[in-house]
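So the sequences go chain by chain: A and B. Per the numbering used here, the very first residue in the first sequence carries number 1; after that it's consecutive. Per the numbering used here, the very first residue in the second sequence carries number 1; after that it's consecutive.
It should be emphasised that the hints constitute simulated quantities derived from the structure, not laboratory data. Nothing here was measured: the structure is a model prediction, and the numbers come from that model. Among the hints, a few may not be true.
From the structure, some residues in chain A lie toward chain B, with a derived Cβ separation under 8 Å [unchecked claim]:
(1) N17
(2) I20
(3) W23
(4) L24
(5) M31
(6) A67
(7) L147
(8) H269
(9) F277
(10) P280
(11) L284
To be clear about the criterion: a stretch of chain B counts as covered by chain A if any three or more of its residues have a C-beta under 8 Å from a C-beta of chain A, and this derived list gives those stretches [stated by the list, open to error]:
(12) 31-38
(13) 58-71
(14) 94-101
Calculated cross-link-like contacts (lysine to aspartate or glutamate; reagent style EDC-like; alpha-carbon spacing at most 16 Å) [said to hold, decoys possible]:
(15) A:K163 / A:E113
(16) A:K200 / A:E148
(17) B:K54 / A:E128
(18) B:K54 / A:D46
(19) A:K145 / B:D49
Glycine included, C-beta positions come from ideal geometry on N, C-alpha and C.
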Amino acid sequence: MEIPYTISTRPDTGLWNAKIGIWLFLASEVMLFGGLFSAYIFLRIDAAPGTWPHGLLNVPVGTMNTAILIMSSVTVVLAWAALKMRRYRAYWWYMLVTILCGVIFLTVKLAYEWPQKFEHFGAYIKPEALWKYEKYLGNQRRAEKGLEPRIEITGHLHSENAKEYEVALDPVNAEPDSPAMDRPHFFPLPVTDKIATIEKEDVERATMFLPTHSAYFASYFTITGLHGLHVLGGVLVFTYMWLPVSKKLYQRNPEHLANRVEVSGLFWHFVDLIWIFVFPLFYLL
Amino acid sequence: MNNPPDISQDPKEYEEYAHGVHQHVMRYVMVGITLLVFTGITVALSYVDFGARKANVAVAMLVATLKAGLVAAIFMHLAAEKRLIYRILIFTGFFVLGLFWLIFLAWYDYPIFR
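The task is simple: from the sequences and hints, build the whole structure.
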């Protein structure tokens with residue numbers, strides 16, 4: 001039995017069926033991401049002073065990934081327009097670029113950004129012990145300037161024994177009183193060679209930058225992880241439409257392939273749209 | 001009009017059609033460039049001190065909403081779609097606001113979270 005209305009429009013809706021299907025699916029996606037974004041909003045509103053981190057992510061890399069995703073959104077509409085003009089060769093190239101953009105995005109995320117976080121260490125200091133680490137936190141000056149207190153010491157975990165952590169400090173803890181450390185930097189500053197010793201009994205909790213670290217990283221990994229799964233799904237679908245098997249469909253019925261590219265393109269733009277909000281919320285603000 | 005019409009077999013008509021599609025393509029490229037520029041603006045504005053962090057969040061969300069609007073209107077063809085799609089989206093908007101509202105109520109009722 002042939003599936004009806006894959007190309008021709010249904011008289012009562014004025015649409016071919018897959019288009020309604022993809023929009024219903026995107027509606028469910030809005031609910032999925034909407035729940036996660038509202039969780040982010042309320043976690044952030046509730047965060048006690050100093051517990052919501054800023055400037056921990058690599059902004060130039062995030063900006064590059066944003067640009068890559070936007071460019072892939074352009075190439076996928078160009079691929080679709082090429083099919084509409086029956087230029088299969090051009091379609092093939094635009095699709096290839098789109099797939100590569102998706103692969104680069106995922107590679108940067110999974111092979112660079114995430115692992116870098118997994119190697120980074122942070123220790124939240126107990127409120128009563130904060131004074132002991134004033135030289136790494138600079139809270140006296142921050143209180144005078146009306147800034148949020150620092151309650152965490154971050155860097156690379158150098159060594160650890162039963163009683164203490166030795167941490168190669170991030171610049172923000174190495175020079176806590178420098179005005180340059182009041183705001184996040186565009187280019188991330190490398191870890192210094194200044195070592196701090198933190199006693200374990202002064203530490204409220206200490207982890208690598210994993211979801212357990214904070215509400216911030218929990219929502220970061222959840223939302224970017226789910227978004228990454230969507231990118232992966234898009235790449236798989238596009239690859240199928242780029243392989244020779246889809247050329248057979250093109251030769252049989254080019255408009256059918258064009259419609260398939262259009263609906264998968266709608267999904268891809270949605271994934272891009274989610275990222276447009278994820279990027280400023282986690283990287284910049 | 002956002003969707004190029006269906007293709008014609010007649011060479012002369014095809015030429016006109018291809019020209020029409022080409023204009024669409026130009027528009028897609030322009031929108032892409034605009035989005036890239038706005039991405040740069042978002043990054044730059046995040047390093048400007050608007051007085052309070054809340055103000056920075058508001059500005060960044062405003063730019064992001066503009067960008068998302070462009071993607072939805074042009075790339076996703078929402079500037080000119082069939083009525084049924086708009087209806088689906090109105091329902092979606094209603095339910096997603098309801099979702100936010102329920103979470104807000106839970107947050108409001110339980111000061112333990114605050």
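Status of the hints after comparison with the structure:
1. For A:N17, the interface hint is violated, since its Cβ never comes within 8 Å of a Cβ in chain B; the closest pair sits about 11 Å apart.
2. For A:I20, the shortest C-beta to C-beta distance to chain B is roughly 7 Å, which falls under 8 Å, so the interface hint holds.
3. Hint on A:W23 holds. Least Cβ distance to chain B is approximately 5 Å, under the 8 Å limit.
4. Given the 8 Å rule on beta carbons, the hint for A:L24 holds: about 6 Å separates it from the nearest Cβ of chain B.
5. Among the interface hints, the one on A:M31 holds; its C-beta lies about 6 Å from the nearest C-beta in chain B, closer than the 8 Å criterion.
6. Hint status for A:A67: holds, given a least beta-carbon distance of 6 Å to chain B, under 8 Å.
7. Hint status for A:L147: violated, given a least beta-carbon distance of 11 Å to chain B, over 8 Å.
8. Taking 8 Å as the C-beta cut-off, the interface hint given for A:H269 holds, the closest approach to chain B being about 5 Å.
9. Interface hint status for A:F277: upheld, as the beta-carbon distance to the closest one in chain B is roughly 5 Å, under 8 Å.
10. Of the supplied interface hints, the one on A:P280 holds, with its beta-carbon coming within about 4 Å of a beta-carbon of chain B, less than 8 Å.
11. For A:L284, the interface hint holds, since its Cβ comes within 8 Å of a Cβ in chain B; the closest pair sits about 4 Å apart.
12. With 4 residues having a beta carbon nearer than 8 Å to a beta carbon of chain A, the segment 31-38 of chain B meets the requirement of three or more and the stated coverage holds.
13. Counting residues of the segment 58-71 of chain B whose C-beta sits closer than 8 Å to any C-beta of chain A gives 7, which meets the bar of three, so the coverage hint holds.
14. Three residues within the 8 Å Cβ limit are the bar, and the segment 94-101 of chain B against chain A gives 4, so the coverage statement holds.
15. Restraint check: the Cα-Cα separation between A:K163 and A:E113 comes to about 31 Å, which exceeds 16 Å; the hinted pair is violated.
16. Distance restraint check for A:K200 and A:E148: the Cα-Cα separation of roughly 24 Å exceeds the 16 Å cut-off, and the hinted pair is therefore not satisfied.
17. Among the hinted pairs, B:K54 with A:E128 is inconsistent with the structure: their alpha-carbon atoms are about 29 Å apart, more than 16 Å.
18. Distance hint between B:K54 and A:D46 is fulfilled; the C-alpha atoms sit about 14 Å from each other, no more than 16 Å.
19. For the proposed pair A:K145 and B:D49, the alpha carbon gap of about 15 Å is at most 16 Å, so the pair holds.
In this structure, the hints that do not hold are numbers 1, 7, 15, 16 and 17, in rising order.
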